[in-house]
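*Asks:* One-letter residues, chain by chain:
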Amino acid sequence: MHFSARNIVVHRGGRNVLDDVSVDVWAGEISVVTGPNGAGKSTLVSALAGYIPCQRGTISIGDHEVTQLSTQELSKRRAVMTQASNVVFDFSVSEILAMGVPSAVHSVENLREVDLELAAECEISELLNRKFNSLSGGERQRVQFCRALIQIARNKSSTEPRYLILDEPTSSLDLYHVVNLTKILKRVRAGNVGILVVLHDLNLTAYIADFVFLLKDGEVAGAGAPSDVLTGTLLSDVYSTPVSVERRDDRPLIFSY
Amino acid sequence: MSSRFSREALATSSLLIALLASVTVALSLGALDLDLTAVLLGSAGGIDTEVLSNIRGPRVALAAAAGAGLAASGAVLQGLFRNPLADPGLIGVSGGAAVGAVTMIVLGATLNLPPLVLAYSIPTAAILASLVVTSVLFLFASRHGSFNVATVLLAGIAINAIASVVIGIFQYISDDGQLRTLTFWMMGSFGRASWATTIPAILAITGAVFLLLSQSRDLDRLQLGDAEAFYLGVNVQRVKVVIVFASALSVGVAVSLSGIIGFVGLVVPHIVRFVVGVTHTSLVICSALLGASLLVMADLGARLIMIPAEVPVGLVTSAIGGPFFLWLIVRKVPNAF
Amino acid sequence: MSFNCRSRLWAFLVFCLWMPSVQADENCDPGKDVTRIAVAGGSITEIIYALGRESQLVAVDRTSNFPAAARSLPSVGYVRNLSAEGILSLRPTLVLGEDDMGPPEVLEQLASVSVDIRTVPEAHTPEGIVEKFKCVASLLGLSEAETSPHLLEMSRSVSVISSFPELVSDQDEAFVAIILNIQSGSPIVAGSGTSGDGVISMLAAGNAFQAVEGWKPASREAFLAANPDHIVITQRGFDMAGGMDGLGEVIEIASTNAFKEGRVHVVDGMSLLGYGPRTLGVVLNLFSDVFPSAKF
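Chains as they are written, first to last, in the numbering used here: chain A, -10 to 246; chain B, 123 to 459; chain C, 97 to 392.
Hints are computed from structural coordinates only; laboratory data are not their basis.
From a predicted model like this one, the values you see are computed outputs, not experimental measurements.
All C-beta atoms, glycine included, are put in the ideal place defined by N, C-alpha and C.
Incorrect hints may appear among the rest.
As the list claims (entries may be wrong) - What the simulated footprint calls covered on chain C by chain B, stretch by stretch (three residues with Cβ under 8 Å from a Cβ of chain B suffice, anywhere in the stretch; the number is not a length): (1) 166 to 178; (2) 184 to 190; (3) 198 to 209.
All chains should be built: construct the whole structure from the sequences, respecting the hints.
*Replies:* Structure (structure tokens):
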């Protein structure tokens, strides 16, 4: 039982944005999707999460295909953090977090101890009463990340694993918070959660990934353990620029300039 | 957090009291001098009781219902379009309703319908027209399988343009007298209210507001984005459909019975956001209550300014709403919305 | 806009728009209680003053501007946009108006409070003016004996007016245009079926805008094509347009024979078109202006 995309094709604007792509996310593992701009990473996130249809192939979560699950059932099984971070109206951080709580009743009161602990872990406790729009880009990212965590935590099941999909969750974070995020991901992974992260940072990929999917032009150029995929030859080819890879502390160290 | 909850509860109860107070004041005052307590106790003579029950009563009730419907619709439409300037007029619903009503006014004169039949057929035509507009909007916007908000806005502009043309044609082919009737109708007034039309209106608008309330929580989530709301389990398509239909219903009913009344749907939600907060559950409830009170008082003003004649209430709301909105913008620009 | 090629359906539609629709009781039986009368219609107010019964008036509408004393009475708004409570606050025992009283819902509200609402019929003929006068008198409870002195003068005028067609020879045939006012640069002219059209018929003249139905704005071309021999304009319209100089700036008016030869007649609007006590006199004066050679 896991979360997977099997031979999916997504056709848009006259071309195949994703062509015969297969990706697996296992509980207890962190899978990283990386690749150059325009490789189709965000499209893969949307397809996996069930938001856009695939012209071919199947996406399954546990025993079910995502097309057979209702929106609500899907939301119980997986949480997504996108790159969007803007709200038009003046919601407070608590109100944003409370949106992750699956409830039809009123908002902020639904936040309980377990949610507040997650907020502390994400280091946003002091931001709870601030207006979301007044935060910096990095602070907003941490809030959105926490919201996704809350959604996962509140939908915990003893039998089925849950899945967390993150689209570039570190793009605005400083070093300290990137490290903190990786700690949280490792902690979350241990709780029967499968994680898929889209990243640009190849060294961060090397650090946290249990499995790497390297995309190029809508196809999977490489899939496997970090040291197998993150090689000089493959990376130079995929990124069309010379890339050197050394080993340090038993993991790849990638640099290009 | 508990302090926040009590702030919303405080706001809601204050607004409820304000509404009751406005209604009481509006029922007591008017061109005709009557003693409210005397009438309620049954000790008033002459036509006072009839004026209260047949003329002032339905008009105050309609003003409250229309205010609630317009304000609640404005609040959810601003959320739906993620735009603080959204307004029921914007998506073409009031324009469409006006076309329906105007068509029936002119047609009714042609067919020489008896006044009571005409009085019922005008709101019916307006609601049908607003539902037609809404369906057209929906068909337009969901052509590619998803409810595209930008398309709805553009379609709304087109519909308003068409509505202007149709109303313009009617204004042109009608003679001087019909023209004046149309002009007065369009300026907005609760003077035509009777229980026969007001009670169905109250039921329809109450139903619509409850429908809007049911979508409030999902509407909050929708503020993060269409995809983000989907990921949180929101049936985005259904939420949008319900909101547009419920808004069309309440606005259509209000416009058909009282003409075009502006600014309520635009300004009231902003006041509520400023005082109470932005989550849509309390926003919808408080907007409905505040809209009802404001429109009841605006109608009272319309009745008292030029006693014994009346000023169209649409002029009162524009006269107050316009400058107030400017003040709101000036005040709020330094902060984020 | 071409006035000629309208489909029959449009013509029917527009013609019906003009037709009076019955809103309230249209009979002239005496009112139950005529001590406090609210009037929506300037000509009716004039008739009540002519009958000497103005003390029974408690409220009038905005079109009731003659005599001047009427303007100081409480106002119930514009005749087509009356205020129910406004009228009721003056505790009238009788509400009188013509067929343009409105809106219909307000009339329903008044009826639901058992107010006596009566519509005075109006026909655009000299006899119609007399009938209207008689109707109002009857509604107010005057007997025939009390009414007839007022009718004497009117009947004389009616018979003079009925002789006009004979007085006007074929060579003298004149086409008259009646302008209500000028809106957005276009003169609003009296088409067929209007009160203005009725006046022109009484003058035994032709309506330059016979082909139009109702009061309509005339386009520049249409006005030039019509080229009326005489232009009659209401005082209000004349003042609003800026007097004779102002009219001279309106090309289509300035180009007409009527304007060039000074055949522009300014008349008070209500007296001309209200079909009240003054209308017959105004028609007689206007006839002398339009047909100076015809003596009566």
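*Asks:* Where does the structure disagree with the numbered hints, that is, which hint numbers, in rising order?
*Replies:* none
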